[in-house]
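K.L.:
Line order of the protein sequences matches chains A and B. Read in my numbering, the first sequence has 83 at position 83, and its numbers run on one by one without any break. Read in my numbering, the second sequence has 22 at position 22, and its numbers run on one by one without any break.
If you're looking for bench data, these hints aren't it; they were derived computationally from the structure. Please note: incorrect hints may appear among the correct ones.
[To be verified] Derived DSSO-like pairs: lysine-lysine, alpha-carbon spacing no greater than 27 Å straight-line:
1. 147(A) - 110(A)
2. 81(A) - 40(B)
3. 67(B) - 125(A)
4. 90(B) - 81(A)
All values reported here derive from a predicted model rather than from experimental measurement.
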Amino acid sequence: MSDKPPTSLGSALLVLGCPQVPVQTSIALYLINRLKKSGFVPVVAGNKAANTLLVIADPERHYIGEIMDLDRAVAMITEQKRDFDRCFVFIHNDAGISYAGTMGAISKAKLFTLVYGEHYEDLVKQIDFPCTIIAAKAIHNPLPLKKAIDEVTPWAV
Amino acid sequence: MGCVESMNYEILMRHGSFKECREYIRQHFKEYIDVQPGFKIFDVHLIGIPPITIGLENDFIIFPYTKPCHGTFLLRVEDTVEAARLRAAKK
Numbered sequence: 001m002s003d004k005p006p007t008s009l010g011s012a013l014l015v016l017g018c019p020q021v022p023v024q025t026s027i028a029l030y031l032i033n034r035l036k037k038s039g040f041v042p043v044v045a046g047n048k049a050a051n052t053l054l055v056i057a058d059p060e061r062h063y064i065g066e067i068m069d070l071d072r073a074v075a076m077i078t079e080q081k082r083d084f085d086r087c088f089v090f091i092h093n094d095a096g097i098s099y100a101g102t103m104g105a106i107s108k109a110k111l112f113t114l115v116y117g118e119h120y121e122d123l124v125k126q127i128d129f130p131c132t133i134i135a136a137k138a139i140h141n142p143l144p145l146k147k148a149i150d151e152v153t154p155w156a157v
Numbered sequence: 001m002g003c004v005e006s007m008n009y010e011i012l013m014r015h016g017s018f019k020e021c022r023e024y025i026r027q028h029f030k031e032y033i034d035v036q037p038g039f040k041i042f043d044v045h046l047i048g049i050p051p052i053t054i055g056l057e058n059d060f061i062i063f064p065y066t067k068p069c070h071g072t073f074l075l076r077v078e079d080t081v082e083a084a085r086l087r088a089a090k091k
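Here chain A stands alone, though its shape is the one from the complex:
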């Protein structure tokens, strides 16, 4: 059986937050892999620390493809130079909510919010814009969030 993904279903933007909570990098690599296998072209947008954690973890780029600065991604979408079919915003603090609200307003992508960390329930209550919420109390152990993602299967057509 070929490992090649099926014909591209489109592009998926992963918006990374501050990498303060350990599960982010692990879940990002997992999601990138699932998206690629389903035929999406994943693109990562994060700050320098979040992006560097991914690049160092995947030096031969088996998983990550295009990776860009978060502010640049916001600028390109706002200026309508680029957009994506799906957008996943990683949220573990108030800034994450702000970035998700921004993506919901500027992008036509189907929006998914991945909410995790110690205060994930309080953060979920703050989300009052249209999106699919995937949430779990995951801090060091990525499995609760992985399980929540698997139940939603956001890579499905």
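Model the placement of chain B on the given structure of chain A, informed by the hints.
P.N.:
Okay, now just chain B, sitting in the frame of chain A:
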């Protein structure tokens, strides 16, 4: 966002939530405008849940500035040209 960070700004609120910053502007400044996320001010595309509120006080602009690791800062920056541009956008 190098430009804003090199500006002579005053921080009115730090590590606040985006909502707290919006409420602060509406409570403390008579003149304000609401814009959509991505609205460009100086060299920054504003981040936040719509509507994003920007305060105006003479030549000073009060706006939320969000950074992934540090939350939202409420900044106060003096800029005659930008204040005039925002007032024009308001009309």
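K.L.:
Each of the hints needs a verdict: does it hold here or not?
P.N.:
Hint check results:
| no. | hint | verdict |
| --- | --- | --- |
| 1 | 147(A) - 110(A) | holds (21 Å) |
| 2 | 81(A) - 40(B) | holds (15 Å) |
| 3 | 67(B) - 125(A) | holds (21 Å) |
| 4 | 90(B) - 81(A) | holds (26 Å) |
Comparing the model with each earlier hint shows no violations; every hint is respected.
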